[in-house]
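J.: Just so you know, the sequences run in chain order A and B. Position 107 of the first sequence, counting from 1, maps to 220 under the working numbering, and the rest follow consecutively. Position 192 of the second sequence, counting from 1, maps to 261 under the working numbering, and the rest follow consecutively.
Don't read these hints as lab results, they were simulated from the structure. A hint or two may mislead.
To be verified - Short, incomplete list of chain A residues facing chain B, as computed with Cβ under 8 Å:
(1) Leu163
(2) Thr190
(3) Gly193
(4) Phe202
(5) His204
(6) Ala214
(7) Lys217
To be verified - Each pair of labels, with its calculated beta carbon distance range:
(8) A/Lys176 / B/Leu113: 31 to 37 Å
(9) B/Trp163 / A/His127: 55 to 61 Å
(10) B/Lys126 / A/Ser138: 41 to 47 Å
(11) B/Thr123 / A/His297: 47 to 53 Å
(12) B/Leu113 / A/Phe124: 27 to 33 Å
(13) A/Glu180 / B/Ser161: 54 to 60 Å
(14) A/Cys177 / B/Tyr204: 21 to 27 Å
(15) A/Val352 / B/Arg137: 54 to 60 Å
(16) A/Val185 / B/Ile281: 41 to 47 Å
(17) B/Tyr204 / A/Gln139: 29 to 35 Å
(18) A/Cys177 / B/Thr123: 26 to 32 Å
In this text, all values refer to a predicted model and were calculated from it rather than measured experimentally. Virtual Cβ for every residue (Gly too), placed ideally from N, Cα, C.
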Amino acid sequence: MIRLENIHKSFGSHEVLKGISGKISQGEVLAIIGPSGSGKSTLIRTINLLDPPTTGKIYIDGKCITEGSVDVGKIRTKVGMVFQQFNLFPHMTTLENVAYAPIKVKKLSRQEALNLGTILLQKVGLEDKEKTYPPQLSGGQKQRAAIARALAMEPEAILFDEPTSSLDPEMVKEVLNVMKGLAHTGMTMIVVTHEMGFAREVADRVWFLDAGQLIEDSPSHTFFREPRTKRAYEFLEKVL
Amino acid sequence: MGQRLMVLDFERIWPSVPYILEGIQVTLGYTSVSLFFGFIWGALLALCKVSHLTLLKWSAAFYTSIFRGTPLLLQLTLIYYATPQLIGYNISIWEAGILAFTLNSAAYLSEHFRAGIEAVDKGQTEAALSLGIPYFLMMRDVILPQAIRNILPSLVNESIDLLKESALISVIGGADILRRATIVANEKYIFFEPLLVAGALYYILVMGLTCIAHLIEKKLKTS
Chain A
114 MIRLENIHKS FGSHEVLKGI SGKISQGEVL AIIGPSGSGK STLIRTINLL
164 DPPTTGKIYI DGKCITEGSV DVGKIRTKVG MVFQQFNLFP HMTTLENVAY
214 APIKVKKLSR QEALNLGTIL LQKVGLEDKE KTYPPQLSGG QKQRAAIARA
264 LAMEPEAILF DEPTSSLDPE MVKEVLNVMK GLAHTGMTMI VVTHEMGFAR
314 EVADRVWFLD AGQLIEDSPS HTFFREPRTK RAYEFLEKVL
Chain B
70 MGQRLMVLDF ERIWPSVPYI LEGIQVTLGY TSVSLFFGFI WGALLALCKV
120 SHLTLLKWSA AFYTSIFRGT PLLLQLTLIY YATPQLIGYN ISIWEAGILA
170 FTLNSAAYLS EHFRAGIEAV DKGQTEAALS LGIPYFLMMR DVILPQAIRN
220 ILPSLVNESI DLLKESALIS VIGGADILRR ATIVANEKYI FFEPLLVAGA
270 LYYILVMGLT CIAHLIEKKL KTS
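Same shape as in the complex, but just chain A (with noise of 0.2 Å):
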């Protein structure tokens, strides 16, 4: 469903990413694990091209999106995006978070969008606090909360970007399920993440990075018992 063709990225004379390639296919959970710096986030935003690749093809649905007069907007709707400062907007309650882009983006009646934002906040675990503006929202609130908002563009894939990094650790696992939930209907996930445990149990496949490059690509259950490569094995033998 999306593909990436030697990907480069570089931020001045900074080479972030230095030519991936891969492909992730409908329904597919992919993490992508790496040490810090080693350029996880930065391809994960090349996807829905809030950094744009340097060089480089990303078809999604066979579609280049990289090249020529695109809708990026209308790209941005298939490929939904779980931020890891949760990036709510402050102003406007839970609910209205999650309605407003189907209102303005997918032309919703309002009626619509906001019967579909309480069925999702259901869906989240949060429909005590529809009326509730997000600074009053704990960590894994607001993350659940953004996950709602993602899903109301009912978008075909959706990009986590270490969703839950910047969470207190008891708040890890109430987002960890909702998105192991999302991963049971079929929802195409691409996850940034430390999180080992999520990556082996719900991951279907494991991508790992290292210095901007693409060094292990293997599937979940075999990376975790035997990574092909030795820096990835370092990696592992740290963090696990």
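With chain A fixed as given, assemble chain B onto it according to the hints.
T.: For chain B alone, coordinates are given in the frame of chain A:
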């Protein structure tokens, strides 16, 4: 010597006080209408300043430098006296005042807006983009509301400044508080009292504005 150096004699101007009071709505008229248009124009200028289009950026910056780099009094008189000469349109005092105050306050407001926009967390833009929200809607519904909240105190200051600076309209004959006070002064040949009344009125208006601002700020903080 029993001579008193200063005698405040409000009794003589008492009959003229209602006349001065009528200046309040003139002053408030200039202030509120100019602020209304100044806000819109200032916000648009700020959007130009934060855009990626160099031409827009430079035009807005140039505009601001002109209106901040010359006296408001000069802008006002220029608009009032030069418009008939330049385009043959006989501009009224009211129109000249609104135009000058709007254009001038927008220059200052746009700088506040720009700072406010830039202070909004970058993650907000990214979240909006990732949802496919078009640029204009993102600015209007996501970024600007947060920016305005950030800069509310400076917006109030700008409003207060404009309220006081609107007194310049008296120079080209606008019958605002100050103008009326000086008319009374010239008529009765006493200066201190009518000007004191004018000063008190301005002070009360500014205090009123400050109070309203505090209320809004409080409300924004709780929501």
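J.: All hints, please: hold or fail.
T.: A quick look at each hint next to the structure:
1. Leu163: Holds: closest Cβ of chain B sits about 6 Å from A/Leu163, inside 8 Å.
2. Thr190: holds (4 Å)
3. Gly193: With Cβ-Cβ at 7 Å, under 8 Å, it holds.
4. Phe202: holds (6 Å)
5. His204: Constraint on A/His204 satisfied, holds at 5 Å.
6. Ala214: With Cβ-Cβ at 4 Å, under 8 Å, it holds.
7. Lys217: holds (5 Å)
8. A/Lys176 / B/Leu113: 31 to 37 Å: Cβ of A/Lys176 to Cβ of B/Leu113: about 36 Å, so the range 31 to 37 Å holds.
9. B/Trp163 / A/His127: 55 to 61 Å: At roughly 58 Å between Cβ atoms, A/His127 and B/Trp163 fall inside 55 to 61 Å, so the hint holds.
10. B/Lys126 / A/Ser138: 41 to 47 Å: This hint holds: roughly 44 Å between Cβ atoms.
11. B/Thr123 / A/His297: 47 to 53 Å: The hint (47 to 53 Å, Cβ to Cβ) holds, given that B/Thr123 and A/His297 are roughly 50 Å apart.
12. B/Leu113 / A/Phe124: 27 to 33 Å: The hinted range 27 to 33 Å holds for B/Leu113 and A/Phe124, with Cβ atoms some 32 Å apart.
13. A/Glu180 / B/Ser161: 54 to 60 Å: holds (57 Å)
14. A/Cys177 / B/Tyr204: 21 to 27 Å: holds (23 Å)
15. A/Val352 / B/Arg137: 54 to 60 Å: holds (56 Å)
16. A/Val185 / B/Ile281: 41 to 47 Å: Check passed, 42 Å falls within 41 to 47 Å.
17. B/Tyr204 / A/Gln139: 29 to 35 Å: holds (31 Å)
18. A/Cys177 / B/Thr123: 26 to 32 Å: Distance hint for A/Cys177, B/Thr123 holds at roughly 29 Å.
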